[in-house]
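Could you build the full structure based on these sequences and the hints that come with them?
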Amino acid sequence: MKKKKSTTIYLMDDDHSVYDSMSLLLSHINIQLDFFKHIHELQQSIDKTPPLCLLIELNLKPYCGLDIYQSLSVPPPTIFLSTYCNTKMAVKVMQTGAIDLIEKPFSEQRLITSIKNIIDKPNHSPSRTFVHDKSKFNS
Numbered sequence: 001m002k003k004k005k006s007t008t009i010y011l012m013d014d015d016h017s018v019y020d021s022m023s024l025l026l027s028h029i030n031i032q033l034d035f036f037k038h039i040h041e042l043q044q045s046i047d048k049t050p051p052l053c054l055l056i057e058l059n060l061k062p063y064c065g066l067d068i069y070q071s072l073s074v075p076p077p078t079i080f081l082s083t084y085c086n087t088k089m090a091v092k093v094m095q096t097g098a099i100d101l102i103e104k105p106f107s108e109q110r111l112i113t114s115i116k117n118i119i120d121k122p123n124h125s126p127s128r129t130f131v132h133d134k135s136k137f138n139s
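Position 113 of the sequence shown, counted from 1, bears residue number 113 in full-length UniProt numbering, the numbering being contiguous throughout.
No wet-lab data here; the hints were simulated from the structure.
Think of the CB as a built atom: it goes at the ideal place given N, C-alpha and C, for glycine as much as any other residue.
Accuracy of the hints is not assured; some may be wrong.
To be verified - Think about it this way: if two alpha-carbon atoms lie no more than 30 angstroms apart in a straight line, the pair counts; the simulated BS3-like pairs of lysine-lysine are:
id	residue 1	residue 2
1	Lys48	Lys121
2	Lys104	Lys88
3	Lys48	Lys37
4	Lys104	Lys37
5	Lys116	Lys37
6	Lys116	Lys92
7	Lys88	Lys61
8	Lys104	Lys92
9	Lys104	Lys121
10	Lys37	Lys88
11	Lys37	Lys92
12	Lys61	Lys48
13	Lys116	Lys61
14	Lys48	Lys92
15	Lys61	Lys104
16	Lys37	Lys121
17	Lys37	Lys61
18	Lys116	Lys104
19	Lys88	Lys116
20	Lys92	Lys61
21	Lys88	Lys48
22	Lys92	Lys121
As the list claims (entries may be wrong) - What follows is a set of in silico ranges between Cβ atoms, one per label pair, in the way DEER data are often shown:
id	residue 1	residue 2	range
23	Ser23	Asn117	14 to 24 angstroms
24	Asp34	Lys116	16 to 26 angstroms
25	Ser17	Cys64	32 to 42 angstroms
26	Glu103	Asp20	26 to 36 angstroms
27	Lys121	Asn30	25 to 35 angstroms
28	His38	Val74	35 to 45 angstroms
29	Lys88	Asn30	21 to 31 angstroms
30	Ala90	Tyr63	27 to 37 angstroms
31	Lys116	Ser21	17 to 27 angstroms
32	His16	Glu108	15 to 25 angstroms
33	Asp67	Ser45	15 to 25 angstroms
34	Ser27	Asn86	25 to 35 angstroms
This is how it looks when you write it as structure tokens:
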């Protein structure tokens, strides 16, 4: 029996207004958006119910979104969002196995296209070459 793909996307961002606008947008294409502010809640939810994908702000405070992504034991397909990102960081993000990096503000169509690419390619699995270091998130 084929496992049904999730229609939920997880968002980790420090700006709740991003969730509000994305939630409305994604509801039009029958996708639910769940909002997270804390790494532990995000990891528990991913372990329990893997999402269609993860949207994560690159410049979170107090941690970098890339560090959080790298701490996930089994990361879902991931799209990074960023208000500012230099070329060096963009290359680093894509080398970790991210599906996309979208600069804010972004067009609705750009986000939807990136998500539809994930839906159309069901076997996204990040190729990662680093060792998981969760210690910086243990408190």
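Hint-by-hint comparison with the structure:
Of the supplied pair hints, the one linking Lys48 and Lys121 holds, its CA atoms being roughly 22 angstroms apart against a limit of 30 angstroms. With a C-alpha separation of about 18 angstroms, the suggested pairing of Lys104 with Lys88 holds against the 30 angstroms cut-off. Distance restraint check for Lys48 and Lys37: the Cα-Cα separation of roughly 17 angstroms lies within the 30 angstroms cut-off, and the hinted pair is therefore satisfied. A distance of roughly 18 angstroms separates the Cα atoms of Lys104 and Lys37; the hinted pair therefore holds under the 30 angstroms criterion.
Between Lys116 and Lys37 the CA atoms are separated by roughly 25 angstroms; this keeps the pair inside 30 angstroms, and the hint holds. Simply put, Lys116 and Lys92 have alpha-carbon atoms about 24 angstroms apart, close enough for the 30 angstroms limit, and the pair holds. With a C-alpha separation of about 20 angstroms, the suggested pair Lys88 and Lys61 falls inside the 30 angstroms cut-off, and the hint holds. Between the alpha carbons of Lys104 and Lys92 the distance comes to roughly 18 angstroms, so the proposed pair stays at or under 30 angstroms and holds.
Proposed proximity of Lys104 and Lys121 is supported: the alpha carbons are some 25 angstroms apart, at most 30 angstroms. Restraint check for Lys37 and Lys88: satisfied, since their Cα atoms lie roughly 26 angstroms apart, inside the 30 angstroms limit. Restraint check for Lys37 and Lys92: satisfied, since their Cα atoms lie roughly 23 angstroms apart, inside the 30 angstroms limit. For the hint linking Lys61 to Lys48, the alpha-carbon distance of about 25 angstroms falls within 30 angstroms, and the restraint holds.
For the hint linking Lys116 to Lys61, the alpha-carbon distance of about 29 angstroms falls within 30 angstroms, and the restraint holds. For the hint pairing Lys48 with Lys92, the CA-to-CA distance comes to about 28 angstroms; that is within 30 angstroms, so the pair holds. In summary, the hint linking Lys61 to Lys104 is supported, as the alpha carbons are separated by about 17 angstroms, within the 30 angstroms threshold. In summary, the hint linking Lys37 to Lys121 is supported, as the alpha carbons are separated by about 28 angstroms, within the 30 angstroms threshold.
Proximity of Lys37 to Lys61 is assessed by CA-CA distance (about 10 angstroms); at most 30 angstroms being required, the pair is judged to hold. With a C-alpha separation of about 19 angstroms, the suggested pair Lys116 and Lys104 falls inside the 30 angstroms cut-off, and the hint holds. Straight-line distance between C-alpha atoms of Lys88 and Lys116 comes to about 27 angstroms, which keeps the hinted pair within the 30 angstroms bound. A hinted pair counts as satisfied when its Cα atoms are at most 30 angstroms apart, and Lys92 with Lys61 qualifies at roughly 19 angstroms.
Of the supplied pair hints, the one linking Lys88 and Lys48 is violated, its CA atoms being roughly 34 angstroms apart against a limit of 30 angstroms. As the CA atoms of Lys92 and Lys121 are separated by approximately 23 angstroms, the hinted pair is consistent with the 30 angstroms bound. The beta-carbon spacing between Ser23 and Asn117, approximately 20 angstroms, falls within the hinted interval of 14 to 24 angstroms. For the pair Asp34 and Lys116, the supplied restraint of 16 to 26 angstroms holds, since their beta-carbon distance comes to about 19 angstroms.
Checked against the hint of 32 to 42 angstroms, the pair Ser17 and Cys64 fails, with Cβ atoms roughly 21 angstroms apart. Between Glu103 and Asp20 the beta carbons are some 20 angstroms apart, a value that contradicts the proposed interval 26 to 36 angstroms. A hinted range of 25 to 35 angstroms is violated for the C-beta pair Lys121 and Asn30, which are about 19 angstroms apart. Look at His38 against Val74: about 18 angstroms separates their beta carbons, and that is not inside 35 to 45 angstroms.
The beta-carbon spacing between Lys88 and Asn30, approximately 37 angstroms, falls outside the hinted interval of 21 to 31 angstroms. Evaluation of the 27 to 37 angstroms hint for Ala90 and Tyr63 yields a failure: the beta carbon distance comes to about 19 angstroms. Checking the proposed 17 to 27 angstroms range against Lys116 and Ser21 shows it holds: the Cβ atoms sit about 18 angstroms from each other. Distance hint check: the CB atoms of His16 and Glu108 are about 18 angstroms apart, consistent with the given range 15 to 25 angstroms.
Between Asp67 and Ser45, the C-beta spacing of about 18 angstroms keeps the proposed range 15 to 25 angstroms intact. Evaluation of the 25 to 35 angstroms hint for Ser27 and Asn86 yields a pass: the beta carbon distance comes to about 33 angstroms.
Comparing the model with each numbered hint stated earlier shows that hints 21, 25, 26, 27, 28, 29, 30 do not hold.
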